[in-house]
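Residues 1 to 382 (full-length UniProt numbering) make up the sequence shown, in order.
Just so you know, these hints were derived from the structure itself, not from any lab. Note that CB positions come from ideal geometry on N, CA and C, so glycine has one too. Where hints are given, some of them may not hold.
Derived pair list, reagent style DSS-like, types lysine-lysine, alpha-carbon separation capped at 30 Å [claimed, not checked]: (1) 330 - 309; (2) 350 - 54; (3) 330 - 359; (4) 309 - 287; (5) 359 - 178; (6) 41 - 66; (7) 198 - 169; (8) 287 - 330; (9) 189 - 54; (10) 350 - 307; (11) 198 - 54; (12) 59 - 95; (13) 93 - 169; (14) 204 - 350; (15) 173 - 93; (16) 169 - 359; (17) 189 - 173; (18) 169 - 350; (19) 102 - 66; (20) 95 - 68; (21) 61 - 95; (22) 204 - 189; (23) 309 - 350; (24) 61 - 169; (25) 330 - 286; (26) 307 - 330; (27) 54 - 95; (28) 41 - 189; (29) 54 - 102; (30) 54 - 204; (31) 61 - 102; (32) 41 - 59; (33) 93 - 359; (34) 42 - 61; (35) 368 - 169.
Pair ranges (Cβ atoms, derived) [claimed, not checked]: (36) 205 - 45: 28 to 36 Å; (37) 349 - 323: 31 to 39 Å; (38) 170 - 313: 34 to 42 Å; (39) 361 - 71: 53 to 61 Å; (40) 45 - 343: 56 to 64 Å.
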Amino acid sequence: MNDSDTPQQQDESPDLPDEDLLQELEQQFSEDKSLGSAVGKKLATIAINRWTEKLSPDKIKEINEKYKQPLNCEAMRVSRINPEIRSQISQHKNKTDLRLSKTQQNVQKAVFATLQMAETLSAKKQHSALTENKKGNDREALLRIAVNLIAMLEHMNADVMSMRQESIKPALKPEFQKICHATVPPNSKFFFGDDLAKLVRDSKEINSIASTLTLPRTARNTSTANTSRRNTHTYSREDINNSYTGDNRGRNTSTRPFLWRGQKPYRRRPGTRGNGSQNQQRTLHKKGHISSNYIDDLYLQGQTFHKYKDNVLDTVEQFDSLGFISHPSKSAFEPSQILIIVGFRLDSVKMTISLAEEKATAIAEHCKALVDLDMVKILAVA
Numbered sequence: 001m002n003d004s005d006t007p008q009q010q011d012e013s014p015d016l017p018d019e020d021l022l023q024e025l026e027q028q029f030s031e032d033k034s035l036g037s038a039v040g041k042k043l044a045t046i047a048i049n050r051w052t053e054k055l056s057p058d059k060i061k062e063i064n065e066k067y068k069q070p071l072n073c074e075a076m077r078v079s080r081i082n083p084e085i086r087s088q089i090s091q092h093k094n095k096t097d098l099r100l101s102k103t104q105q106n107v108q109k110a111v112f113a114t115l116q117m118a119e120t121l122s123a124k125k126q127h128s129a130l131t132e133n134k135k136g137n138d139r140e141a142l143l144r145i146a147v148n149l150i151a152m153l154e155h156m157n158a159d160v161m162s163m164r165q166e167s168i169k170p171a172l173k174p175e176f177q178k179i180c181h182a183t184v185p186p187n188s189k190f191f192f193g194d195d196l197a198k199l200v201r202d203s204k205e206i207n208s209i210a211s212t213l214t215l216p217r218t219a220r221n222t223s224t225a226n227t228s229r230r231n232t233h234t235y236s237r238e239d240i241n242n243s244y245t246g247d248n249r250g251r252n253t254s255t256r257p258f259l260w261r262g263q264k265p266y267r268r269r270p271g272t273r274g275n276g277s278q279n280q281q282r283t284l285h286k287k288g289h290i291s292s293n294y295i296d297d298l299y300l301q302g303q304t305f306h307k308y309k310d311n312v313l314d315t316v317e318q319f320d321s322l323g324f325i326s327h328p329s330k331s332a333f334e335p336s337q338i339l340i341i342v343g344f345r346l347d348s349v350k351m352t353i354s355l356a357e358e359k360a361t362a363i364a365e366h367c368k369a370l371v372d373l374d375m376v377k378i379l380a381v382a
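Sequences are here, hints too, so could you generate the full structure?
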């Protein structure tokens, strides 16, 4: 083989990056940023005072109305979600999108203000032979636009901070969610301030004071969860053992007969659905008690502690007289403002009804198992 046929050996090792370039990049992304020259004292005061504060709705509207969309910039639009898509997303997502679109509109107005400033400067350059009076007016107009721009941009910064707070809030425990609305100095390095421990202590003290001065709120039912003003209700749960007896073979369990010692203690109208506990509830309701049942689970509620106790005592006595046994471990006879019943968590302090953690976990695990199956029965999904 000739030497000319032998391929020349190439250096496969790449060139090492320039150390100066790496150092420059490191400084570029370093947390410590170099500072520019100082601005006027009054300008700095304007900027600092409004850095984390929103303008009032009327004020931001007044500023925005000064900067109209240029006739030949009509293509600069703030797009909206298609109605077909908007109807499919949750109310929370719609609300979040509305806030973001308003921030976009403020960005749009800031661009219009910048365009107006650039147009003034461009016209001034083209007509350099302007009178001194005209130059003074242009200078004043440009300064007004610049200050308005500062206010608009800082309003948007405060709006973005507010949205960041709302996004972090659900991840915190309820007793610490108030720190998301705490006032933090503009020069703070961290989102919740430089002294987080003090902020948490203050939040605990406020919660402690508030709990001693106010009465906890509760809901009478799901339809009035956010409007109920009776805020002293307490919950309890009673589980009844052996609430049904009798032969139910081949019969719909929703219309099964209620028997006590082989006899029907209550005569029922044809077509009446339910079980004997419903008959007992009618008696309890006549006494003014608030209660509801699902199969053999009873939900009791009282506007005051004493009314709640009377409700529990009358209910237990009523069912005990019929031979029912209140389950000792499944029943909750002590008053509570947080109750888990039929897989749901009722919280009268925060006025929320949500899935119990155990049930939510079980549903999630069940769904994961269904995903791995090639064919899923409707019963399994249900």
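Going through the hints against the structure:
no.: 1; hint: 330 - 309; result: holds, 18 Å
no.: 2; hint: 350 - 54; result: holds, 28 Å
no.: 3; hint: 330 - 359; result: holds, 16 Å
no.: 4; hint: 309 - 287; result: holds, 13 Å
no.: 5; hint: 359 - 178; result: holds, 28 Å
no.: 6; hint: 41 - 66; result: holds, 26 Å
no.: 7; hint: 198 - 169; result: holds, 18 Å
no.: 8; hint: 287 - 330; result: holds, 25 Å
no.: 9; hint: 189 - 54; result: holds, 20 Å
no.: 10; hint: 350 - 307; result: holds, 22 Å
no.: 11; hint: 198 - 54; result: holds, 25 Å
no.: 12; hint: 59 - 95; result: holds, 22 Å
no.: 13; hint: 93 - 169; result: holds, 16 Å
no.: 14; hint: 204 - 350; result: holds, 16 Å
no.: 15; hint: 173 - 93; result: holds, 22 Å
no.: 16; hint: 169 - 359; result: holds, 24 Å
no.: 17; hint: 189 - 173; result: holds, 23 Å
no.: 18; hint: 169 - 350; result: holds, 14 Å
no.: 19; hint: 102 - 66; result: holds, 17 Å
no.: 20; hint: 95 - 68; result: holds, 26 Å
no.: 21; hint: 61 - 95; result: holds, 20 Å
no.: 22; hint: 204 - 189; result: holds, 23 Å
no.: 23; hint: 309 - 350; result: holds, 23 Å
no.: 24; hint: 61 - 169; result: holds, 29 Å
no.: 25; hint: 330 - 286; result: holds, 27 Å
no.: 26; hint: 307 - 330; result: holds, 22 Å
no.: 27; hint: 54 - 95; result: holds, 19 Å
no.: 28; hint: 41 - 189; result: holds, 23 Å
no.: 29; hint: 54 - 102; result: holds, 13 Å
no.: 30; hint: 54 - 204; result: holds, 27 Å
no.: 31; hint: 61 - 102; result: holds, 11 Å
no.: 32; hint: 41 - 59; result: holds, 24 Å
no.: 33; hint: 93 - 359; result: holds, 25 Å
no.: 34; hint: 42 - 61; result: holds, 24 Å
no.: 35; hint: 368 - 169; result: holds, 28 Å
no.: 36; hint: 205 - 45: 28 to 36 Å; result: holds, 33 Å
no.: 37; hint: 349 - 323: 31 to 39 Å; result: holds, 37 Å
no.: 38; hint: 170 - 313: 34 to 42 Å; result: holds, 40 Å
no.: 39; hint: 361 - 71: 53 to 61 Å; result: holds, 59 Å
no.: 40; hint: 45 - 343: 56 to 64 Å; result: holds, 57 Å
When held up to the earlier numbered hints, the structure conflicts with none and fits them all.
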